[in-house]
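Residue-level listing of the chains:
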Amino acid sequence: MTPDPDDELLDQLLRETFNDFELPPASRVWTGIEGHLAAMPPGTRPLPLRWLLPVVALVGVGAGWLLPRPANRDSTPKTVVRSPAAGLVVPPRRETLVNSAPVGGKAMEASIAKVRESTQGTVGRHGRAVVPAPRQRVLPAAASAVVLPAAAISAARPDSVPLLVLPANADVVVPGYTVATPLPDSVSVPENGAFASSAVADATLLAYAGEERNIAVTQPTFVHKEGSRERRLGYRVPMHRTAEKGRGFRRHMAFLTRRLQHIFGPRRSRTNSQSNF
Amino acid sequence: MPASSDFDALLARCRRHEPAAQRALYAHYAGRMLGVARRYAHSLPEAEDILQDAFIKVFTHLGEFRSEGSLEGWIRRIVVTTAINHWQSGKLRRQSQVELLDSTTEPSVSPSALAQLNVREVLNLIEQLPDGCRMVLLLYAVDGYSHSEVSELLGIQESTSKAQLSKARKQLLLLYQQHNNFIRL
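Chains as they are written, first to last, in this note's numbering: chain Y, 1 to 277; chain B, 1001 to 1185.
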């Protein structure tokens, strides 16, 4: 639609007429403006969203960092002691006994003393624990390995009860039992003759004769040496599921914390390859 | 118009609510804005009320001005919007309705004849228009709003805005013709 030139001319004339139209305002106008501005509350600054969101994120991450870690669950002392009637007595750890004393009181201490007395009968002449070993392969759990010479194994009597000779302070793993004790870096095995003439010469490794090559194997660590955490068979320790690390908000915060550790942590490669359970 | 750097400093001081800077900004634009308000008002006191309310809005919302356009255009839009709000709220509604001239009569004068009038005489003619026609004529012809903007500001249809504009032009010429005949007589 083409505009009418007369209409355009009229509009142009009106614009030119009012283009420089000015009027001097009365002084009361500014007085009114000043009064209104003075009556208004002092400038309310708008929320600095540019800074508020990062600060909220930082506070959230900090709060998540300070939340109790789910790893602390395992620090609760758990004592597994079987009665001597079951055929095997395992002395609990000293620190476990100390920690559990307030719980059980004197009754618990008496029970522990009884257990220790019965345990003495199973200790060998050289202060080594003699534990009947079942068919299950029993190997020390520490990083060190028990290396037995093949000659010593072949000298064992085939008709004897299979026994496993381990140092007294070694970790002994039996089905249904787990005892965490310090393990020396190496275990010395006497020479052939001494081995046969000793009181523990009955201990035979016949059951492992066919697996002599496999004895000198370093098994995965069962007992964590760090802190007071230890593995008990009576408790299921999650090893692969992150969902066990918490529920709801704590779980999300743990995940976020791990991600941040992975990104900003100095030991990035370690964090990446090994989850911190 | 002060230099750009000085003007920016003045704006920054106004945003910090410094009274001296606000006074300087008001003194710079008050005359022109009162002229804008006067077109939409029926009297000077009414225009001054519009100007006061408009500058209160300016100083309150100055932080929202992004310097993408001119500050004068921004203030002008505030003044126009404030004037329309005043009119819509009934403050500027005239009690007596304007008697329209016979719309069937075609004006015999050319629009160029209005060039002989000064601003006071043109303003006097515009004030005799009905409010709807006057608002549409001022918004579209003088302040450069489009029909869609006019319809949005006044809450009317675009077709209504166009019809009102056409009627306002015709009535303005008839008023000028009547005024001119009266002077000749």
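What the hints contain is simulated information worked out from the structure, not anything from laboratory work. Don't take each hint at face value.
Computed Cβ-Cβ distance ranges for the label pairs, DEER-style [said to hold, decoys possible]:
hint	chain 1	residue 1	chain 2	residue 2	range
1	Y	Ala26	B	Ala1024	13 to 23 Å
2	B	Arg1016	Y	Arg50	14 to 24 Å
3	B	Pro1019	Y	Pro24	44 to 54 Å
4	B	Ser1166	Y	Trp51	47 to 57 Å
5	Y	Leu49	B	Gln1116	56 to 66 Å
6	Y	Leu47	B	Ser1112	23 to 33 Å
7	B	His1061	Y	Arg50	18 to 28 Å
8	Y	Phe264	B	Gln1088	36 to 46 Å
9	B	Glu1068	Y	Ala38	47 to 57 Å
10	Y	Leu52	B	Glu1152	27 to 37 Å
11	B	Ser1043	Y	Arg50	19 to 29 Å
12	Y	Pro41	B	Asn1124	17 to 27 Å
13	Y	Gln12	B	Thr1060	28 to 38 Å
14	B	Ala1024	Y	Gln261	48 to 58 Å
Part of the chain B face toward chain Y, derived, beta carbon under 8 Å [claimed, not checked]:
hint	residue
15	Pro1019
16	Arg1023
17	Tyr1026
18	Gly1031
19	Glu1048
20	Gln1052
21	Ile1056
22	Ala1141
Pairs of lysine to aspartate or glutamate residues, derived as EDC-like cross-links and limited to a Cα-Cα distance of at most 20 Å, are as follows [as the list claims (entries may be wrong)]:
hint	chain 1	residue 1	chain 2	residue 2
23	B	Lys1170	Y	Asp6
24	B	Lys1170	B	Glu1106
25	B	Lys1162	B	Glu1121
26	B	Lys1162	B	Asp1143
27	B	Lys1162	Y	Asp7
28	B	Lys1170	Y	Asp4
29	B	Lys1162	Y	Glu109
30	B	Lys1170	Y	Glu8
31	B	Lys1167	B	Glu1068
32	B	Lys1162	Y	Asp11
33	B	Lys1057	B	Glu1068
34	B	Lys1170	B	Glu1152
35	B	Lys1162	Y	Asp6
Just so it is clear, CB atoms sit at the ideal spot from N, CA and C, and this is done for glycine as well.
Hints, verified against the model:
Our hint of 13 to 23 Å for Y:Ala26 and B:Ala1024 holds, since their Cβ atoms are close to 18 Å apart. About 19 Å separates the C-beta atoms of B:Arg1016 and Y:Arg50, a value consistent with the hinted range of 14 to 24 Å. Distance hint check: the CB atoms of B:Pro1019 and Y:Pro24 are about 21 Å apart, inconsistent with the given range 44 to 54 Å. In this structure the supplied range 47 to 57 Å holds for B:Ser1166 paired with Y:Trp51, their Cβ-Cβ distance being about 55 Å.
Look at Y:Leu49 against B:Gln1116: about 58 Å separates their beta carbons, and that is inside 56 to 66 Å. The given range of 23 to 33 Å is broken by Y:Leu47 and B:Ser1112, whose C-beta atoms sit roughly 57 Å from each other. Roughly 20 Å separates the CB atoms of B:His1061 and Y:Arg50, a value that falls within the hinted 18 to 28 Å. Our hint of 36 to 46 Å for Y:Phe264 and B:Gln1088 is violated, since their Cβ atoms are close to 59 Å apart.
For B:Glu1068 and Y:Ala38, the Cβ-Cβ distance of about 30 Å falls outside the hinted range of 47 to 57 Å, so the restraint is violated. Against the hinted window of 27 to 37 Å, the Cβ-Cβ separation of Y:Leu52 and B:Glu1152 comes to about 35 Å, which satisfies the hint. Under the hint 19 to 29 Å, the C-beta atoms of B:Ser1043 and Y:Arg50, about 47 Å apart, miss the expected range. Between Y:Pro41 and B:Asn1124 the beta carbon distance is about 43 Å. The supplied range of 17 to 27 Å is therefore violated.
Judged by the Cβ atoms, the range 28 to 38 Å given for Y:Gln12 and B:Thr1060 holds: they are separated by roughly 36 Å. The supplied range of 48 to 58 Å is met by B:Ala1024 and Y:Gln261, whose beta-carbon atoms lie about 57 Å from each other. For B:Pro1019, the suggested interface contact is upheld, since its CB lies about 7 Å from the closest CB of chain Y, less than 8 Å. A hinted interface residue such as B:Arg1023 counts as satisfied when its beta carbon comes closer than 8 Å to some beta carbon of chain Y; here the least separation is about 7 Å, so the hint holds.
A cut of 8 Å between beta carbons decides the hint on B:Tyr1026: the least distance to chain Y is about 6 Å, and the hint holds. Given the 8 Å rule on beta carbons, the hint for B:Gly1031 holds: about 4 Å separates it from the nearest Cβ of chain Y. This hint holds: B:Glu1048 has a C-beta 5 Å from the nearest C-beta of chain Y, less than the 8 Å allowed. Using the Cβ-Cβ criterion of 8 Å, the hint placing B:Gln1052 at the interface with chain Y is satisfied: the shortest such distance is roughly 5 Å.
A cut of 8 Å between beta carbons decides the hint on B:Ile1056: the least distance to chain Y is about 5 Å, and the hint holds. Hint on B:Ala1141 holds. Least Cβ distance to chain Y is approximately 4 Å, under the 8 Å limit. Between B:Lys1170 and Y:Asp6, the direct Cα distance comes to roughly 11 Å. Compliance with the 20 Å bound is thereby established for this hinted pair. Straight-line distance between C-alpha atoms of B:Lys1170 and B:Glu1106 comes to about 8 Å, which keeps the hinted pair within the 20 Å bound.
A distance of roughly 25 Å separates the Cα atoms of B:Lys1162 and B:Glu1121; the hinted pair therefore is violated under the 20 Å criterion. For the suggested pair B:Lys1162 and B:Asp1143, the alpha carbons sit about 15 Å apart, so the restraint of at most 20 Å is met. As the CA atoms of B:Lys1162 and Y:Asp7 are separated by approximately 12 Å, the hinted pair is consistent with the 20 Å bound. Taking the CA atoms of B:Lys1170 and Y:Asp4, the gap is about 12 Å. The hint holds against a cut of 20 Å.
Note on B:Lys1162 and Y:Glu109: the hinted pairing is violated, with a Cα-Cα distance of about 102 Å set against a maximum of 20 Å. Of the pairs offered as hints, the one joining B:Lys1170 and Y:Glu8 holds, with about 13 Å between alpha carbons and a cut-off of 20 Å not exceeded. A distance of roughly 36 Å separates the Cα atoms of B:Lys1167 and B:Glu1068; the hinted pair therefore is violated under the 20 Å criterion. Note on B:Lys1162 and Y:Asp11: the hinted pairing holds, with a Cα-Cα distance of about 14 Å set against a maximum of 20 Å.
For the suggested pair B:Lys1057 and B:Glu1068, the alpha carbons sit about 19 Å apart, so the restraint of at most 20 Å is met. Restraint check for B:Lys1170 and B:Glu1152: not satisfied, since their Cα atoms lie roughly 24 Å apart, outside the 20 Å limit. Distance hint between B:Lys1162 and Y:Asp6 is fulfilled; the C-alpha atoms sit about 16 Å from each other, no more than 20 Å.
Checked against the numbered hints above, the structure breaks hints 3, 6, 8, 9, 11, 12, 25, 29, 31 and 34 and satisfies the rest.
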